[in-house]
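Undergrad: Protein sequence lines, in the order shown, are assigned to chains A and B.
For the first sequence, my numbering assigns the number 1 to the initial residue and increments by one for each residue that follows.
For the second sequence, my numbering assigns the number 1 to the initial residue and increments by one for each residue that follows.
Hints were generated in silico from the structure; no laboratory data involved.
Among these hints, one or two may not hold up.
[What the hints assert, rightly or not] Some chain A residues near chain B, calculated using beta-carbon distances under 8 Å:
1. F122
2. E162
3. N171
All values reported here derive from a predicted model rather than from experimental measurement.
In this text, a Cβ means the ideal position worked out from N, Cα and C, and glycines have one as well.
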Amino acid sequence: MSFTLPDLPYAHDALQPFMSKETLEYHHDKHHLAYVNNGNNAIKGTEFEGKSLEEIVKGSYGKNPAVFNNAGQHYNHLHFWKWMKPNGGGKIPGALEKAIVDAFGSVDKFKEDFVAAGVGQFGSGWAWLEVKGGKLAVSKTPNGESPLVNGATPILGVDVWEHSYYIDYRNRRPDYLKAFLESLVNWEYVAELYDAAKA
Amino acid sequence: MTEFTALSRRGALRLGAAVLTIAAAPKVWAQAAAPAAPTGPFSLPKRSYEANALEPHIDAQTMDIHYNRHHAAYVAALNNAAKDNGVIAKASLADLLADLGQLPDNLRTVVRNNGGGHANHSMFWEVMGPGAGGAPGGDLAAAITRDLGGFDKFKADFEAAGLRVFGSGWVFVTVDRGGRLAVLPRPNQDSPLMEKQLVLFGNDVWEHAYYLKYQNRRADYLKSWWNVVDWSKIGARYAAAKAGTLAI
Ligand SMILES: [Fe+2]
Ligand SMILES: [Fe+2]
Numbered sequence: 001m002s003f004t005l006p007d008l009p010y011a012h013d014a015l016q017p018f019m020s021k022e023t024l025e026y027h028h029d030k031h032h033l034a035y036v037n038n039g040n041n042a043i044k045g046t047e048f049e050g051k052s053l054e055e056i057v058k059g060s061y062g063k064n065p066a067v068f069n070n071a072g073q074h075y076n077h078l079h080f081w082k083w084m085k086p087n088g089g090g091k092i093p094g095a096l097e098k099a100i101v102d103a104f105g106s107v108d109k110f111k112e113d114f115v116a117a118g119v120g121q122f123g124s125g126w127a128w129l130e131v132k133g134g135k136l137a138v139s140k141t142p143n144g145e146s147p148l149v150n151g152a153t154p155i156l157g158v159d160v161w162e163h164s165y166y167i168d169y170r171n172r173r174p175d176y177l178k179a180f181l182e183s184l185v186n187w188e189y190v191a192e193l194y195d196a197a198k199a
Numbered sequence: 001m002t003e004f005t006a007l008s009r010r011g012a013l014r015l016g017a018a019v020l021t022i023a024a025a026p027k028v029w030a031q032a033a034a035p036a037a038p039t040g041p042f043s044l045p046k047r048s049y050e051a052n053a054l055e056p057h058i059d060a061q062t063m064d065i066h067y068n069r070h071h072a073a074y075v076a077a078l079n080n081a082a083k084d085n086g087v088i089a090k091a092s093l094a095d096l097l098a099d100l101g102q103l104p105d106n107l108r109t110v111v112r113n114n115g116g117g118h119a120n121h122s123m124f125w126e127v128m129g130p131g132a133g134g135a136p137g138g139d140l141a142a143a144i145t146r147d148l149g150g151f152d153k154f155k156a157d158f159e160a161a162g163l164r165v166f167g168s169g170w171v172f173v174t175v176d177r178g179g180r181l182a183v184l185p186r187p188n189q190d191s192p193l194m195e196k197q198l199v200l201f202g203n204d205v206w207e208h209a210y211y212l213k214y215q216n217r218r219a220d221y222l223k224s225w226w227n228v229v230d231w232s233k234i235g236a237r238y239a240a241a242k243a244g245t246l247a248i
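The shape of chain A in the complex, shown without the other chains (with noise of 0.2 Å):
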């Protein structure tokens, strides 16, 4: 099953102010596709043609690095396209907001670590919301990894690669950190995620 680039679940302007059309041309219609691409190329006669992609992500890292970045980057972004949404942010369904609470003490405790995670990420990467032994968690992740490398569910990410944010903030990425939590994320999604990784 080779990978194919999914449609944005929205309008290319949908997530402005926050995110412009311009990012979401280049980060979607490039980026996104140029992993696709060389994701299959490099899959290409390996043991890994066939796999589902989540074996592709954990069974490449740390041995085959044309496959793993691009099978990684497919994996995290084909997931961050649906962790936003127009009007995001607000309240996180009852469930998830619990969770978060008893995890980290507070919402707002959760939203300054997840920042942190991001802004503390030297380079490109991601920042990562996870289940790890039935526990949520923070943390990032260089260039194409995610938890899943690291033994965790992913339930919600964030893409600090410079081109995710550049054009809308420059160098500004805690600005872009906050507009994420506050304006884009679809809680509905990573209820789902989060209540399938606890199943």
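Fit chain B with the ligands to the supplied structure of chain A, relying on the hints for placement.
TA: Only chain B with the ligands this time, still in chain A's reference frame:
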């Protein structure tokens, strides 16, 4: 270097305490929004040209943000680390980077990222200039032919190495005391200086170096960059490397 080897056990413990303060305040990017005047031993080097001098190959806005925000943030973070730390405050940048192993873990990462960023960008501004481009001459041209297969092959290999850097990083040309050259890509702000090698020159392939003008087209940026490379400056660095006087 001597300062590192002379570090007492007590000194090392004090370093460790300083690190905790730094690690607890992840404010590097926040500082980038408003770089203060230098408040420590490290400072932004003067650029010998204006921000718009490399147009159209590198746009003025990119040059401005890159120098006044990104580079300034590395300098500010390094000065912050030096504030409570005699070793960082006194050692030369080249010595600091060559001896990262002597620093305690958290401080090592701060200096690796921000000291590396300071050294790499200082070199970067130096080797570019307006009305530049063309080809190297003299013994540098001969060394490129001898070690890198000629100027055209070298340029193609250098661009390919820059394209292969996955995520943030640099592609460098290193030089040894004998004048031998090699192409060396490195991630993030790592520098060949951290491996006790000298940097002849290098190109920044972090997306911030090209995104406003080239977006996802890193290959175009790498190709265009040759137009702003100042071979007379690089020739001077080459002579300094062989004379043993090239620092960063
Ligand atoms: Fe991305
Ligand atoms: Fe840079």
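Undergrad: Work down the list of hints and note, for each, if the structure agrees.
TA: These are the hints, each one checked on the structure:
1. F122: 5 Å, holds
2. E162: 4 Å, holds
3. N171: 4 Å, holds
The structure shown violates none of the earlier numbered hints.
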